[in-house]
Amino acid sequence: MAATTSLDHVVIRFAGDSGDGMQLTGDRFTAETAAMGNDLATLPNFPAEIRAPQGTLPGVSSFQLQFADHEVLTPGDSPDVLVAMNPAALKANLPDLPHGGTVIADSDSFSRRNLTKVGYVSSPLEDGSLESYRVHSVPLTSMTVTALAELGLGRKDAERSTNMFALGLLSWLYSRPTDGTRRFLGSKFAKRPEILAANLRALEAGWAFGETTETFAVRYEVAPAPSRSGTFRNVTGNTALALGLATAAHTSGLPLVLGSYPITPASDILHTLSGLKRYGVTTLQAEDEIAGIGAALGAAYGGALGVTTTSGPGLSLKGEMLGLAVMLELPLVLVDVQRGGPSTGLPTKTEQADLMQAMFGRHGEAPLPIVAASTPGDCFDAAVEAVRIAVTYMTPVILLSDGYLANGSEPWKVPDVASLPRLRTRFAVAADVPAQESFRPYSRNPGTLARPWAVPGTAGLEHRIGGLEKADGTGEISYDPDNHDRMVRLRAAKVDGVDVPDLDVDDPWSADPDGADLLVLGWGSTFGPISAAVRKARTGGSRVAQAHLRHMNPFPANTGDVLRAYPRVLVPEMNLGQLSLLLRARYLVDVISHTNVRGLPFSSHELVQAVDDAITHAPPRTTARRFGHVAGRTSQEAHA
Amino acid sequence: MSIELGLPTVGPGQGLRGVPTLSEGEALTRKQFVADNEVRWCPGCGDYAVLAAVQGFLPDLGLRRENIVFVSGIGCSSRFPYYLDTYGVHSIHGRAPTFATGLAVARPDLNVWVVTGDGDALSIGAGHLLHTLRRNLNVTILLFNNRIYGLTKGQYSPTSETGKVTKSTPAGSVDGPFNPVSLALGAEATFVARTLDSDRAHLTEVLRQAAEHRGSALVEIYQNCPIFNDGAFDVLKDRDESQARLVRLRAGEEVAFGGTDGDANVVVARGDGGGVEVVSRDVAAATGRSPVVHDPGTDDPSAQFALSRLDDTAMGHVPLGVFRSVQRPVYDDLVRSQVDAAVSAAGGPAQDADFTALLAGHDTWTVD
Chain A
1 MAATTSLDHV VIRFAGDSGD GMQLTGDRFT AETAAMGNDL ATLPNFPAEI RAPQGTLPGV
61 SSFQLQFADH EVLTPGDSPD VLVAMNPAAL KANLPDLPHG GTVIADSDSF SRRNLTKVGY
121 VSSPLEDGSL ESYRVHSVPL TSMTVTALAE LGLGRKDAER STNMFALGLL SWLYSRPTDG
181 TRRFLGSKFA KRPEILAANL RALEAGWAFG ETTETFAVRY EVAPAPSRSG TFRNVTGNTA
241 LALGLATAAH TSGLPLVLGS YPITPASDIL HTLSGLKRYG VTTLQAEDEI AGIGAALGAA
301 YGGALGVTTT SGPGLSLKGE MLGLAVMLEL PLVLVDVQRG GPSTGLPTKT EQADLMQAMF
361 GRHGEAPLPI VAASTPGDCF DAAVEAVRIA VTYMTPVILL SDGYLANGSE PWKVPDVASL
421 PRLRTRFAVA ADVPAQESFR PYSRNPGTLA RPWAVPGTAG LEHRIGGLEK ADGTGEISYD
481 PDNHDRMVRL RAAKVDGVDV PDLDVDDPWS ADPDGADLLV LGWGSTFGPI SAAVRKARTG
541 GSRVAQAHLR HMNPFPANTG DVLRAYPRVL VPEMNLGQLS LLLRARYLVD VISHTNVRGL
601 PFSSHELVQA VDDAITHAPP RTTARRFGHV AGRTSQEAHA
Chain B
1 MSIELGLPTV GPGQGLRGVP TLSEGEALTR KQFVADNEVR WCPGCGDYAV LAAVQGFLPD
61 LGLRRENIVF VSGIGCSSRF PYYLDTYGVH SIHGRAPTFA TGLAVARPDL NVWVVTGDGD
121 ALSIGAGHLL HTLRRNLNVT ILLFNNRIYG LTKGQYSPTS ETGKVTKSTP AGSVDGPFNP
181 VSLALGAEAT FVARTLDSDR AHLTEVLRQA AEHRGSALVE IYQNCPIFND GAFDVLKDRD
241 ESQARLVRLR AGEEVAFGGT DGDANVVVAR GDGGGVEVVS RDVAAATGRS PVVHDPGTDD
301 PSAQFALSRL DDTAMGHVPL GVFRSVQRPV YDDLVRSQVD AAVSAAGGPA QDADFTALLA
361 GHDTWTVD
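One line per chain: the protein sequences are A and B, in this order. If you're matching positions, the first sequence starts at 1 in my numbering and goes up one per residue. If you're matching positions, the second sequence starts at 1 in my numbering and goes up one per residue.
Isolated chain A (complex conformation) (with noise of 0.2 Å):
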C-alpha cells in the first residue's frame, strides 16, 4: 500500500498522439477533479489537422490541468507531471518540464520506429538523458491489452482503450473518484457494449495496476478547495458562452435565431446551441460566413434575438454585413472566438488580435459595442451583457472571446435563472404614432438613441430601410451633407452612450500615501495569468495595482482617470499592442505594452518578470496621480 501525500496544487499534462484521445482523458480527469471540489484551470492544445501522421511532432495533441485546495487562476506555468503516449509527445513537451518533474511515459511506444519519427537516437528512457526527472516507464498499451484479453477484440481496437488505463491510473495516483467516468462512458457507448466493455475493463485495470504496483511510492491527495456555496460545475468557455445567450434570449423574451457556419474554435457554441431546440432556440447552419450574418441580421429584422458565431476570418467576412446592421440599428450579437492570424494562422491556438478589427474593422463611420469575456465561465456573463446592450441599444455588439477560453475550463457557480434580471425589449406598435403624423422608424428614446424596433406585420408601421443614408427621424434616402453628418454624429454617439459600469481597481494601497508604483491593465482572456502574476508579484514586495477591461467599446467613464492615476500602467496583451495603441490614443497617457503572440496564454512567470522589469527600468510618470477607488466609485488627489 502506497502512502499518502497531501498537496496544495498540481498541474498535469496529458500528451500523445492526435488519435491517442488525450483531450478525452484529460476532459474526464478534470472533471472528475471537478467532482472533488478542487478548484481548476485547464489548457487544451492541439494540432489544427485533425489526425496529423501519427507519432510525428506536429501530430502532438496535449491538454494540461492545474488543480489545488486554494482559488486557481491558471492552468499552470509548467506540468508537474508528464504523462507521454509516445516519443512525440515526450520530445514536444519536455522543454516545459522543470528538472525534478515527473514523467509517465507508455514504454510500448517507444519502438525503434517511433524514435527515429522525432529524431530520437536511442531511448530517452534508456540512456540516462532523463536523469533528472522522475520517470515511470510503463508499458501501458500492453498491459491494456492484456487486461482486454478476455474480451476478444482485435489488437487495435484494444489498444484504443490504453487512455483510459492511462486514465484509471492517474485517477489512483491523485485519489480522483472515477464514478462519474463510468457513467460518461456508459452513456457515451450505450450502443456499442463491447467498446463500453473495454473502456471500462481499461479504467479499472489502470487503477489497480497503480494499486498493486510499487512502481509509485506515494499516493498523493489534494484536499478541496474553500469555496462560495452553491452548486457548481465544470465549465467551457464556448459552453458557457452558448447557455448564456440562451438564457439571455429566455430572459429578454425573444426566441434565438443563429446563423453560423463552421469554424475553429467557435463551431462548438453552434454545435451546443443546435442541441437546444427545446429552449427555443433555431439554428441555421449557413452555406458561408456572411449568409451566417445575413440570416440573423433578417430573423433580427423580424423580431429575433439575431446571434451569429465566428472567428477572426469570418469576422472579415461578416464586415460589410455588420455595416449594415449598424446602418439599420437592429440588435445583434457577433461573437469572435479569437484564433492566431492573420489568415488561417494558428485555427487551434489563441491570440487576442481582433481588437482592431472589432473596433474599426468596416467601412465608413462604423461604431459599436464591444464586450470581452476574460475566463471560461465569465462567457456566461458576457453573453447576457452583450445581449442586454443589443437590445437596449438596438445595435450590433461583438463579444470577443479566444480560444484558450474557448476550449479552456473551469468550475462555475451555477447562476439560478429565476434570480436574473429580465432584459427589456418592446416592439413598436401604431398606438405609438401620434394622431395624423406617419411613423418615424429613426426617432430616438431620448435615454438611449435608440429607434423603435418595428416588425413585419406590425400594421401600420410599413416602412422601407436599407443600407443608403437615412434622414434623421424619418428614415427616408438623404444624401443631404449636414443629415450625413448628424447621422453619422448620432449613431457614434448612441454606441459612446452606452452604460457601462466604471472599471473596478484592485488596489490595496489605494489609502496608503505613497501608492502602488504600477498598475496592471488587462482585457479579455489573459484575466487568469495577470491575476496570478500580480498575486506572486505582490508576494515578492511589489505594489501593484490590477485592472481588467470587460467593455473594450466604449470603454468605462473613468477609465482615463484611472490610468492616469498611476506612475506606470502595464497592458499585457496576446498581440502587437492593439489596447495599448487605443488607451494612448483616446487618453494621451503612455502605458507600457508588454506582449507575446506564441498562440499560448501568458505563463504568470513571464508576467512577474515584466511587473518587476516595470517598476524597476520604467521611470515613473511626474504626472501620475492618486487614485482613491472606493466601491467602484473613484477619486483623485494631487500626488504627494
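What you were told as hints is all true, and nothing was included just to trick you.
With a straight-line cut-off of 16 Å between C-alpha atoms, the simulated EDC-like cross-links for lysine to aspartate or glutamate are: (1) A:91 to A:131; (2) A:413 to B:363; (3) A:536 to A:71; (4) A:156 to A:108; (5) A:91 to A:126; (6) B:31 to B:66; (7) B:31 to B:60; (8) A:188 to B:363; (9) A:413 to A:71; (10) A:413 to B:368; (11) A:536 to A:613; (12) A:156 to A:194; (13) B:153 to B:230; (14) A:277 to B:340; (15) A:277 to B:354.
Derived from the structure by calculation, the hints contain no laboratory data.
Please arrange chain B on chain A, whose structure you already have, making use of the hints.
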C-alpha cells in the same frame, strides 16, 4: 449517419399558408401599395412595368399588407422595395437571400419576396441564390435580367452575351454567360419560370403562380435597360420576330410555336439521345417524332432542363412560362417543425426552472 425526418410535406398552392389574410369584405387597392417615394429609375426602364404589375397584382393575393416584405440587394432593380408601401429592406450586394432566410425562418406569418438582378443574384450573390434554391426556402425571387450592370453605368454582367463591348470590356467580354433558368433547375429549385417585362398579362399570371407556390420560386424577368443595353430583348417584343422565337410553355400541352396560329414549329426530343430541338410540325410528322408535352410537375428536372437549353443569348428560341413547379419539403417549415417538436415533446416552452436545470448540466457538486 442520416435519419428520416418524418416531417410533413406540403401540397400545391400553399405558398401563402400561415400569412394573415384580409377579413371578409375587406379589400386593398393598387394605390395602397404605392409608396410616397418618388420613383427614381431612368425614363423607359423596364422596371416600371414590373413595379406596376406587382402593385396591380398584390391586392389579388388578399393578404394583410403589413405581412408582406420585399427584400432586395444592390442594383437598379433592388430599389424596388422603396416604391411599395409594404415592409421592405434594401440590403447589401448579393446578400438579400441570406437576410430573407433568417426572416422567413423567424416569421412564418410573412409573405417574403426577394428582388434582385443579374449582377446581384448571379455574380456577387450567386452562391446564396443556389443555396436558397437548394434548401427550398419559402420565398419568391424576382430576378430582373437586363444583361448589363446599370447602376455602375454599363459593365457587362454574368448574363451578357460573349463578346459584349462595354466600358470594362472594350475588346469584348470573353466570359461565357449563365442561363439563369438552367442554373435554377440545376440547383433543383421547385418553381422556375421566365417572363417578359412588357407582357403584363403573362407577367401577372406567372407572379401569381410563384406567390402561391410553397418553397423557393424563381422568376426570371427579361427587362430592358434603355440606357446601357437598350433593345436587348426587342426581338422578343417585335410582333413578327417574336412569333418565330417565343416558345410559350403550357402545362400538359405540346410545346409548339410559330406561324400565324402558333403551331408551325414543335419541340421534339433530339435523336442523339439528349436534349430537345425545334423542327417544323411537318418534318416532325414526316419523321414520326412526337412533340414534347410540357410537364412542369416531374420531380426529375431533366426534361425541364432540356427545354431551358433551347435559349441562348442569341435568343433564337426563348421559352417563356413555368418550366418547373413541384412540391418538396420547405426549409423554413422543417427548421420550425424541429424546434416545435422539441418544445412540445418537452411539454411546452421552457421556464426559468428548465433553464436553471440546463445550466447545471449533468455533473454538478454542491458546497454548503
